[in-house]
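Asker: Got chain Y sorted already, so can you dock chain U onto it with the hints?
So the sequences go chain by chain: Y and U. Just so it is clear: in the first sequence, position 79 is 79 by the UniProt record's numbering, and no numbers are missing. Just so it is clear: in the second sequence, position 360 is 360 by the UniProt record's numbering, and no numbers are missing.
Among the hints, erroneous ones may be present.
[What the hints assert, rightly or not] No farther apart than 30 Å at their CA atoms in a straight line, the calculated lysine-lysine pairs in the DSS-like style are these:
| no. | chain 1 | residue 1 | chain 2 | residue 2 |
| --- | --- | --- | --- | --- |
| 1 | U | Lys404 | Y | Lys508 |
| 2 | U | Lys404 | U | Lys309 |
| 3 | Y | Lys211 | Y | Lys159 |
| 4 | U | Lys506 | U | Lys404 |
| 5 | U | Lys70 | Y | Lys91 |
| 6 | Y | Lys155 | Y | Lys221 |
These are calculated hints, taken from the structure and not from any lab test.
Next come the chains, spelled out residue by residue.
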Amino acid sequence: MSATAVHSLWTMAGGVTSAAPVEKFKAPVIEYTQLAPVLIVIGVAVVGVLVEAFVPRRARYYTQVFLTVVALAAAFAAVVGLAAGGYGTTKAHIAAMGAIAIDGPTLFLQGTILLTSMVAVFTFAERRLDPASHGKHVDSFAAQAASVPGSDSEKAAVKAGFTTTEVFPLVLFSVAGMLVFPAANDLLTLFVALEVFSLPLYLLCAVARRKRLMSQEAAVKYFLLGAFSSAFLLFGIALLYGYAGSVSYAAIANVVDGSVTQIDPALADTMGNDALLLIGGAMVLTGLLFKVGAVPFHMWTPDVYQGAPTPVTGFMAAATKVAAFGALLRLLYVVLPGLAWDWRPVMWAVAIITMLGGAIVAITQTDIKRLLAYSSIAHAGFILAGVIATTPDGISSVLFYLGAYSFVTVGAFAVVTLVRDAGGEATHLSKWAGLGRRSPLVAAVFAVFLLAFAGIPLTSGFSGKFAVFKAAADGGAGGLVVVGVISSAIAAFFYIRVIVLMFFSEPKADGPTVAVPSPLTMTTIAVGVAVTLVLGLAPQYFLDLASQAGVFVR
Amino acid sequence: MSFPLLTATAALPAIGAVATAAVPAARRTTAKWLALVFSLATLVLAGIALARFEPGGDRYQLTESHAWIKDFGVRYELGVDGIGVALMALTALLIPFVILAGWHDADPSPSSQQSSSRGGPNETKPYRWRPTQGFFALILMVEAMVILSFEATDVFLFYILFEAMLIPMYFLIGGFGDRAHTGSDENAAAQRSYAAVKFLLYNLVGGLIMLAAVIGLYVVAGTFSLSEIAEARASGSLSMATSTERWLFLGFFFAFAVKAPLWPLHTWLPNAMGEATSPVAVLITAVVDKVGTFAMLRFCLQLFPEASKWATPVIVVLALISIVYGALLAVGQRDIKRLIAYASISHFGFIVLGIFAMTSQGQSGATLYMVNHGISTAALMLVAGFLITRRGSRLIADYGGVQKVAPILAGTFLIGGLATLSLPGLAPFVSEFLVLVGAFSAYPAAGIIATTGIVLAALYVLVLYQRTMTGPVKAEVQGMADLKVRELVVVLPLIALLLFLGVYPKPLTEIVNPAVQHTMSDVQKKDPQPEVEAAK
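Here chain Y stands alone, though its shape is the one from the complex:
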């Protein structure tokens, strides 16, 4: 390959080399209003950092909670405003110099992420569940994350009643990354967004107040495997750039499906090299499938779900999945549709092993958080079945499923935070025996969530499952539907087992108590139940919304 034929970010596609006279610098055009949701969240996150620096300790918690909720609400209002302005449909376009796509899926997913983050943040702010330590109400987070577990400095921090209010700006940074992730329209933006939302998550996983070592272990595992997957993604990006000479989705898509018009010598040299494309594509997919939690890239999920503070688990399980599936959809539907014949068989296999693997391994779990982790893996498989459909219905059904699933998830983890014994949350399943007799309401609510996970009719889980399976069957993936149905049956077994345990077992004498939460967690749970039932009984409005939103701009 000659020197001039190498792609370079510093050369222009028209053959202008660095030796040619430098053009006048053109200021980038940024559509600030259309990026408002992201900008609001990131702006307030920065303010949150400043709050940590300048606001007195006792006022920090209230300031942070207020700022976070306002930021998320304002960002959601901005999303609704954009959608009302037609940016989801007729005015959908590529913004910010090709870096961000503002279209239906973007706005739908951003809205979903913001709403789920909002209810998840309520559980972050919950301070009534943990017994007050030294007269101060505390939340689920370590008094001082930097102090070594069991050390004197930790004891001092606990005694002083410190709380880690940094979690709120961290959540906002993470949300900002998640908002960009499904909207990213070039590979570099994708990567930056991935890091922006992942790094705060690694940190959040490590700051549990109880079981700190487990929490730190989870964070390290998550970080190492996450870094590994980032490396895959980055390597894949490099290969795809090497193949197409561009990181922009549209440009790569053109090269992939052969509709590229301007072929410069460098491109002519590489575009025939399928190895670059296939390996690069596979690596990028690997990176995304890791975030989605699909088998065989799911290893981190159970440990991290179990070790992370439960509010963080709920947030991560819901919002990360939404963002990652959004990015996966865009990559497959915008960048690689020309490669569908190559990726579909692979994704078939991944979907099948994800559905079956998640459901089968979940059966043997004895910890409620690990159980929900494996259940989330099985659900990732169901969603993948919709992704594989490669029809407009496929997109909208996945969007709908993500919306339905995320609220159930946040709600379910919120219930987990309520069931406590002396050691904090009682997550071992044996301790949940007889919960239905002690606290019928809490058990009934959790049963609703479990039934929704199991996809029993009249819950959102059924509507979502029906939507993705219908799309998959329409898209010629009937086999996947059969596997999906079988794994649903397997999955039903362990959801039912928890219900049996709660309602039909005698309560144990040393069983956990159910803490009465503040209105914050109650809101989270109530929203979860309401969404579950509304999407189960009358999903039409939301299905309309999803199908209107189900068109990617290119």
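Answerer: Same frame as chain Y, but now just chain U:
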């Protein structure tokens, strides 16, 4: 727009369920009366529906249709044919009796009352567990779903109800067990939750397989409305490939065969009926299971006529195995409730045989059978329940000479038993006779084998009666009280109905026959010989 009678009939028990569940913990009796009133009001509405139904009129009457989930091609469509309206009326009829029979079944047991009022060291307040309210609310919930499923003319709507009714049933079986168990309390609780889980998993797996077929049907037909599918089929715009139709048929049939239950998918029934309280056992076999056989008639035959004909030989064989196997196992049971469960499996074999004989006598007979079996099993099972509650044991060997101490109980038990063995003059005779005639004219060999089921029925019923009611009075049975007023109110109307329909089945056949003719024309079957008015 006229009054939505069908919706109201289903909505009333649902409202009743919510109202009953909302009654405060201390007001148990209020909850019971509330549930009873709602179930009686539902019966009135069902009676009105039955009266407004014109046997010679349109195929589906009292129809309602509203848009529901457009994206899934789902409409909220209701309508009843003769079969649907008969089963709806049966359901509405049985529920008040179930509620009355179970009047004390969900009262907190003395031991648990003590423990909750005493308050353990780790609890500051008594359990807020309200079993009584829950029990009656769940029964009404099941009633609402079953009635709506008999009315649904949209496959998706039916499917949702078919699946959703499992959940309240599951709690009824697992949460409220028969106190008359053998062994320790813990052991009984384990058996009960085993039975509940087995019930749920069998039916859920069946339902999920049906889900795949439901989705497949949508991909092929693009709609779930029975009328639209029938129209498309008539106009030729919908044609299923033979193999597709067969796969879809199998998906649907599997679910219904689990529910019905047909051998070899029947094993959940004896567990569930044995562990549940008698009223709940009646709810399972007389009401909920009917949805399975009803759905075979309405959905399997109507949606997949060709595949139904293709599968007939195998299904007839399975039905025959059910008849003989169920009866044989019933003969060998030591537990009264399990005996009745196996008898039911045998009877469900008759129903399926009648449906798939594909003759009009067979199908009319099967429909009548569903109604009559509901009434006769309810009578037998509820009396058996009264008996078991008195003695505290389900084992046949623990009884003897009951007729000397409690003659009315024994007498009603006998009539229930005789109805179960299809004695002429009692309602089940008519239906069993019709099914056999229908089976003979289509498959003579099948008719002959099925007849052995009747012989075996005589055996298991009479032996049961002989061992429990006759002979020397056992010490534990001494001083057993006879039926009380509440129990008589439950049993006597059922027995009267058995006698009435046994002597004069015409009102029922008149409603059912036109519907059967429609189904027969769906599968384009003519009777093998000129129709005989056998039922008159």
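Asker: Next, verify each hint and record whether it holds.
Answerer: Okay, the hints, checked on the actual structure:
Between Lys404/U and Lys508/Y, the direct Cα distance comes to roughly 46 Å. Violation of the 30 Å bound is thereby established for this hinted pair. For the proposed pair Lys404/U and Lys309/U, the alpha carbon gap of about 53 Å is over 30 Å, so the pair is violated. Proposed proximity of Lys211/Y and Lys159/Y is supported: the alpha carbons are some 18 Å apart, at most 30 Å. The straight-line distance between the Cα atoms of Lys506/U and Lys404/U is roughly 38 Å, outside the 30 Å bound, and the hint therefore fails.
Note on Lys70/U and Lys91/Y: the hinted pairing holds, with a Cα-Cα distance of about 26 Å set against a maximum of 30 Å. This hinted pair checks out: Lys155/Y and Lys221/Y have alpha carbons roughly 26 Å apart, not beyond 30 Å.
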